[in-house]
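Same order as they appear, the protein sequences are chains E, A, H and C.
For the first sequence, the working numbering assigns the number 16 to the initial residue and increments by one for each residue that follows.
For the second sequence, the working numbering assigns the number 16 to the initial residue and increments by one for each residue that follows.
For the third sequence, the working numbering assigns the number 16 to the initial residue and increments by one for each residue that follows.
For the fourth sequence, the working numbering assigns the number 16 to the initial residue and increments by one for each residue that follows.
No lab work stands behind these hints: they were computed from the structure.
Intra- or inter-copy, both count: the list cannot distinguish identical chains.
Here are the simulated lysine-lysine pairs, DSSO-like style, with alpha carbons at most 30 Å apart:
1) Lys317 to Lys288
2) Lys288 to Lys322
3) Lys70 to Lys288
4) Lys70 to Lys190
5) Lys288 to Lys190
Predicted model, so just to flag it, every value in this text is computed and none were measured.
Protein chains: 4
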Amino acid sequence: MAFDAGATGVYPIAPTPFLEDGSVDFHSLDRLIDFYQASGASGVTILGILGEAAKLASEESRAITRRVIARTDIPVVVGVSAPGFAGMRLLAREAMDAGAAGVMMGPAQHLRTDEQILAWFANAVEAIGETTPWVLQDYPLALTCQLSVPIIAAIMEAHPSCVMLKAEDWPGLEKISALRRLQAVGTLRPFSILTANGGMFLDLEYWRGTNGSMTGYAFPDMLVDLYRLQAAGERDAAHDLFDAHLPLIRYEQQPGIGLAVRKHVLMRRGLIKSDALRRPGSRLSPAAIDEVGYLLVRLARKDSRAKP
Amino acid sequence: MAFDAGATGVYPIAPTPFLEDGSVDFHSLDRLIDFYQASGASGVTILGILGEAAKLASEESRAITRRVIARTDIPVVVGVSAPGFAGMRLLAREAMDAGAAGVMMGPAQHLRTDEQILAWFANAVEAIGETTPWVLQDYPLALTCQLSVPIIAAIMEAHPSCVMLKAEDWPGLEKISALRRLQAVGTLRPFSILTANGGMFLDLEYWRGTNGSMTGYAFPDMLVDLYRLQAAGERDAAHDLFDAHLPLIRYEQQPGIGLAVRKHVLMRRGLIKSDALRRPGSRLSPAAIDEVGYLLVRLARKDSRAKP
Amino acid sequence: MAFDAGATGVYPIAPTPFLEDGSVDFHSLDRLIDFYQASGASGVTILGILGEAAKLASEESRAITRRVIARTDIPVVVGVSAPGFAGMRLLAREAMDAGAAGVMMGPAQHLRTDEQILAWFANAVEAIGETTPWVLQDYPLALTCQLSVPIIAAIMEAHPSCVMLKAEDWPGLEKISALRRLQAVGTLRPFSILTANGGMFLDLEYWRGTNGSMTGYAFPDMLVDLYRLQAAGERDAAHDLFDAHLPLIRYEQQPGIGLAVRKHVLMRRGLIKSDALRRPGSRLSPAAIDEVGYLLVRLARKDSRAKP
Amino acid sequence: MAFDAGATGVYPIAPTPFLEDGSVDFHSLDRLIDFYQASGASGVTILGILGEAAKLASEESRAITRRVIARTDIPVVVGVSAPGFAGMRLLAREAMDAGAAGVMMGPAQHLRTDEQILAWFANAVEAIGETTPWVLQDYPLALTCQLSVPIIAAIMEAHPSCVMLKAEDWPGLEKISALRRLQAVGTLRPFSILTANGGMFLDLEYWRGTNGSMTGYAFPDMLVDLYRLQAAGERDAAHDLFDAHLPLIRYEQQPGIGLAVRKHVLMRRGLIKSDALRRPGSRLSPAAIDEVGYLLVRLARKDSRAKP
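So that you can see chain E by itself, here it is in the shape it has in the complex:
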């Protein structure tokens, strides 16, 4: 599987598993990565926001990168967000030296005008290396910077090394259509669009022209099934599968605590040992655990993977 402008399928965003004492749980990481590959994922993304990247010491980030790349055959994309270009340069070089397929970055929080955004990405691409393949993360809800369709097009034209858009603007459906229209008439070069935003619109995004998903939902195996149904044109079946999972998808997509939900479900599924987060993250309350349990029981009636 290639990580390029033609990439398709599912790239799960991997959380970083911790042991109860807060150290990185490499055994769970191995199990998780193996599960992604076995589930049919086209690639995997590590050290994003969901991976608690900002809570890791740089040695830990490097160790995780090397471990994952050594473990799996599918392309590994590494998040390289950092407060400055020096940090991004370092992270990108380490990732690519370790064998990553590419890196991921989103715009810095303070960027507002189109002029500022284009200048920032010029510096950022210089920092990660002009030939390093990268994913543009468009996630205004978390990153605060808003990217319009014209500015995404301008970034893509200025930087041929960008091979993929991680589309998680909200609302985002018209944006996907607008980009695909520009490509259809030839005024914008081709690139892959994978969607995220917790997967909240996966049932509809495919028909707008996306190539798959890059999100951290705790049932990545369902994401692969969903993509295959869509690619096969099985629209109703795809919706049925999606609708069964939507109550849980919606629950996982809560800002801030969503990661605790995901880790908890992954733990219940036996994929990681502990649902511990590093501070300032916290675990689920007893009431939340009950809610997740109830949603899983309901889901299990339609998808046996949710059975305890």
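Starting from the known structure of chain E, arrange chains A, H and C on it as the hints suggest.
Showing chains A, H and C alone in chain E's frame:
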């Protein structure tokens, strides 16, 4: 039905119907208000964000207020957000003089610290009148100001005229539980909590202690059914009903374009004549209309109210 | 004096004087407007942020507009900021019907991308009327929206009715130079640039290409002198005058409390009767009054207008 | 000189000098640090925003810290801002192990409510070590988080290891008075308050109760003189000195480009070899260099240190 700290049930947020030429469509407004009452709504809220309040001339706002109050027997709550206290004073006086049950207001956008927030509400309550019953809108995603549990408690203690919390923080489940815990141990006085946020968590919020909902979902009749099932302890049936609607609820809850979706569905249901919005709002794209239609077809299999 | 793209000189931003009981003090308003004209102001701007416009009832705003226009021979510019286009349409029509020379507006707070900004101004200009002369206020510190040089140029090209830029970005010197360069090579049409930002950079802005100032400093007579010295090429004398006032200019330019300082100084100068503000504004503390008094004593050594 | 709650005088914020090729210029750094000490500074702060900390690789930060501490006898405070607690823990440990007197940190950008702020500082203090002396940076204009007087008091009470407030809120004079009043009546423990904000209010802050300054103005020697005049009660002389420098202080205090101005002036003073910044920073335009030159010529008439 009383609008006080013991209020329960469903208070739909009413959109303002317009004709194709942009003028207020009072006939559709009548039909909509009649439908709310006939559906079993406990009250109705007008001139909120969803009601395009900021796009109305003051004469129009007054006319709408008088029309709705004259039309219905259920309590009418009127949004009084304005850039300054003078505007809020005027709007609140007009609403109460016209016979409103109370008013609704959320914190100004620039407020940050607890000190600023408490001072602002002291001024705001003085402006609307110390005895005017009001709803506190907690909606950080749209209003940007964040209200912690301690500051909500402080506002409630400082202002006995606040009878209701419109809870639409996201995530919001733990916040509801925390407020109810304070009330259970007697350190916080009682008040009603209705939830909004497009209804995205209505299946779970009731069991956290809410008293109903105040949201603009285009099936307010379903919201009443849902509340009744929950109040009757029919948890599974309530979830089944909710799950059937969730794909559409999710589609309506998209920031910005959500109102266009709601007006479109209300028009398809025959409740308003046109789905026109005032600028800068715009109507749905053909692709979005197709998606809504498809979601309604799927919904109709489980809830006949969605049939064309 | 004409209010058009060739406008020059000083347009003071007028505060709205209140009596101790909070009502509008029309006698002080007359005195203030007379003083502006007698001081050599080229025009006057009313109902801006400094004019506490958001704290006025609409009847008060109309009364102030009519009073000022009837009182003075110089062009009157009226702020028309409002939460929606309906409000802006109404305010602009009332102002122009009353005989205003033009209106002033800045971008709405939520605007981010170039695409959003251009679309918003298209709607706003349609609302105020395509032929109504207007001032573009560029004030990111207060309005949060940032306007780059390319987007200002695009607004100016799209809307020939915009005759003036109220430049108060910070930093702003390079921005003025960049706009003037575009005009020098003929890729941007001519328009007037008056600077504000409390006057903090008036000593330097003129030489970057500005045509005067539009700010609320409590010595508008000094602003006129400064402009005349600059226009006469008396750079050192202009700096000497500016430097004498800078400690007070700096004190007045404090966000939030700056208006209280200005009203206090205007009261001490005998130009308004009371330094009262409407809520949430508050008066100066005793310590601040002492500081202002001390700064005035020091200023009086160099400019006798500051004498008690 | 001790770095504790009784600290007084001037702690310059040191820029990081670079050579033309972008590498750290350790010789200039030595010269600069020597100059601070020779000028009578009570301490020095490195690796703050002004020190371009986010643009340094971690090895560079460590090398700078060790170099400065080895070079000087005065207390060295080290900025430890980082995106997560893991990074802060590492930076603080490295700084203290190298012999720093303490560390500096400001609140993370996303913090809003009092509850969030207190929880964040509890985690942050745990990360840097409960006994590590630290400076609380209150700089809303750059950090966006606003700290009210009650929340600063709460932080100070919760964390005895905080010995100093770097006060750079704007406006900030009333805040200083309010904190000193709380201390005067014994409801708040003592701590040092040094002011920053580019030094824009240094003439007035001392009389509100501050103990000196911690800012990066390119004439730290003047800051020491100013403090001595104030401490000696020479108010008029202090103001005369301040007023002479205010036009340049104001020019340096421009957001974003202020650092370029400072490096340029330090270079003209012979204190650093090059005025190079790392990206995204850029050097001054020719017009700006002319303006700085002109302001220095004017300043030199009153303070010979500004002579070329």
